[in-house]
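Next come the chains, spelled out residue by residue.
Number of protein chains: 2
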Amino acid sequence: MINDEWSLIDRIASVVSDSPAPKGLVKGIGDDCAVYNNGDGTFGLFSTDISIENVHFDLSYCSASDIGYKAMAGNISDIFAMGGDPVLALVSLALPVQCDTSFVDELYSGMNECAVKHGLSIAGGDTSKSEKVIVNISIYGKTTCPVYRSGARSGDSIFITKWNGSSRLGLEVLRSGDIDRNMFPVSVSQHLRPSLPEDIGRRIVKPFSPTSMIDVSDGIVSELTHICGTGNLGYIISHDALPVSDEIVKFCKMTGKNAIDYILNSGEEYGLLFTSSVDTSTDDDIICIGRITESGAFIQYGNKISDIENHGFNHFREYDI
Amino acid sequence: MINDEWSLIDRIASVVSDSPAPKGLVKGIGDDCAVYNNGDGTFGLFSTDISIENVHFDLSYCSASDIGYKAMAGNISDIFAMGGDPVLALVSLALPVQCDTSFVDELYSGMNECAVKHGLSIAGGDTSKSEKVIVNISIYGKTTCPVYRSGARSGDSIFITKWNGSSRLGLEVLRSGDIDRNMFPVSVSQHLRPSLPEDIGRRIVKPFSPTSMIDVSDGIVSELTHICGTGNLGYIISHDALPVSDEIVKFCKMTGKNAIDYILNSGEEYGLLFTSSVDTSTDDDIICIGRITESGAFIQYGNKISDIENHGFNHFREYDI
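Chains as they are written, first to last, in this note's numbering: chain A, 77 to 397; chain B, 77 to 397.
A hint or two may mislead.
For chains that are exact copies, the list does not tell them apart, and a pair is met inside one copy or across any two.
[What the hints assert, rightly or not] Within a straight-line C-alpha distance of at most 30 Å, the following computed DSSO-like cross-link-like pairs (lysine-lysine) qualify:
| # | residue 1 | residue 2 |
| --- | --- | --- |
| 1 | Lys-326 | Lys-282 |
| 2 | Lys-282 | Lys-193 |
| 3 | Lys-208 | Lys-282 |
| 4 | Lys-99 | Lys-218 |
| 5 | Lys-380 | Lys-238 |
| 6 | Lys-193 | Lys-329 |
| 7 | Lys-193 | Lys-99 |
| 8 | Lys-208 | Lys-218 |
Hints were generated in silico from the structure; no laboratory data involved.
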């Protein structure tokens, strides 16, 4: 019985770790990308992500184009999380035989739109039939200076690149059946066709020299757990520093839900979270939300400090659409 | 309704072809691998393959280790088909939640065994739950001199690297229910854990300077159709030159089936088929089976020449397990 994605990954890593790593492999399992030293001053970045109907998306409210766009965005996000530029992607597509060919056209149009926007190309793939729609993308990118999950130090500031909470809010609106999606257009759009941070090299890597970086695919708290776990560290987040979108305020007022829970535990946001010895940001889209400490996981409300629990996504415990 | 894998791939290629290719991309959709010019005299090779329960394998006669081994072998074969050396692979694994963790261990042991044998490393991946077992592998390899499917010329000799027909024979034995698999051990093993040709650079690329190369994943006739299609060519195969294994002779005698059909139309063989201006082979495992012509598809029995039809696998028409 498999009920924990992270212990599954540990299990896999232990089977694989017995084998000799090929020359040039700098980082294997355990980061957003595998990193290979090309030997010419550049590093190859490799990542892969699978999207499965009724696990990662629901055809009742996602168009084929949305599915393609989002699957590509999730992969590009992994390259960005290492400070890299995407180069090319391969797509494995499995479809029910009764699927209409226009579905394929729309799916690839969505993928291609996202790919072209970020300067990469769909360069190959595989096709098969299946009972459900399955899209697996594998991506290759390059960088001269990879940024890893590990490397954060006690005292570093923690930055995020965008509003968080929108993707989960958008999902809940889409699944509710009775909330008008036009009331929450930004959140719905962020869930279906996530926008990604742009110009990572100029805006993050150069000015901040990040000590660690990760993309927010499982929620801020979950990502901080990864970053701190690699160095046996902790963190404290400032409640007042967390950016809250107008739509989250409106939604939580309407439903009585807790805005902070959305902001800290929303998956599939695909913003970046990074740590740096730089204290402040002059970029409006890059926000300091706290700092790395020696242990623990806390949130500060004024003078009050509370524990934080990790409620990030676990693909084996719950549907993550 | 999708019923033809090749027209689906053409459709996908046409959606993607509208976009600008990134600098360095030498070959996109349409070969065993995408090819990227690393700019240092080497080329990166990229491929991906999806394996789905009840489409590509059947748990009633495939062990988890077999599934892993074969999925990895199929990917390595794509790198070999471009004359390259595999470097690393990423694995997307989707499993039913009720799956036992020992299944995961065995699956990865099989993948890893095949990877280690051919000098590459499993360097990352993704996990998800699903209703069926799904294994998607994406692979990266390198070469200094990629060999493409295109490039064959009229008059070139056609070579294969191994017996063909065994994988299909093995599959039929496994699915029969009443044929003892111990009577056909080589064919059953070739279907479950395909052996790959070794030392491609020294044994093929250097002595033969292949004008084109492809791996036999869909059958000899199907692969020749690809090779000839890119150059508007034809071919003639010599019946007497085709190697026939003892097990095929025994099986066809037992069942009344036609050995040539097995040899020409057996998929998932993962040997190599290549063309060359070199006429003969002194390597017992590399066999000249015919030559490229200006048009048509023929087989010669003594003085008689017959048409050949393409009965290769089509993943949307039939189960290919």
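Now the hints, each set against the structure:
In the homo-oligomer, the alpha carbons of Lys-326 and Lys-282 never lie at most 30 Å apart, since the shortest distance is 36 Å inside one protomer and 69 Å across protomers. Within a single copy, Lys-282 and Lys-193 get their C-alpha atoms as close as 22 Å, which meets the 30 Å cut-off; across copies the closest is 42 Å, which misses it. For a Cα distance limit of 30 Å, the shortest separation of Lys-208 from Lys-282 qualifies neither inside one copy, at 43 Å, nor across copies, at 45 Å. Proximity of Lys-99 and Lys-218 under a CA criterion of 30 Å is satisfied in both settings, with 18 Å inside one chain copy and 13 Å between copies.
In this assembly of identical chains, the alpha carbons of Lys-380 and Lys-238 lie at most 30 Å apart only when taken from the same copy (25 Å versus 73 Å across copies). For the identical chains of this complex, Lys-193 and Lys-329 are neighbours neither inside a copy (36 Å) nor across copies (60 Å), given an alpha-carbon limit of 30 Å. Only between protomers do Lys-193 and Lys-99 lie at most 30 Å apart by alpha-carbon distance; the minimum there is 15 Å, versus 34 Å within a single protomer. Within a single copy, Lys-208 and Lys-218 get their C-alpha atoms no closer than 33 Å, and across copies no closer than 34 Å, so neither meets the 30 Å cut-off.
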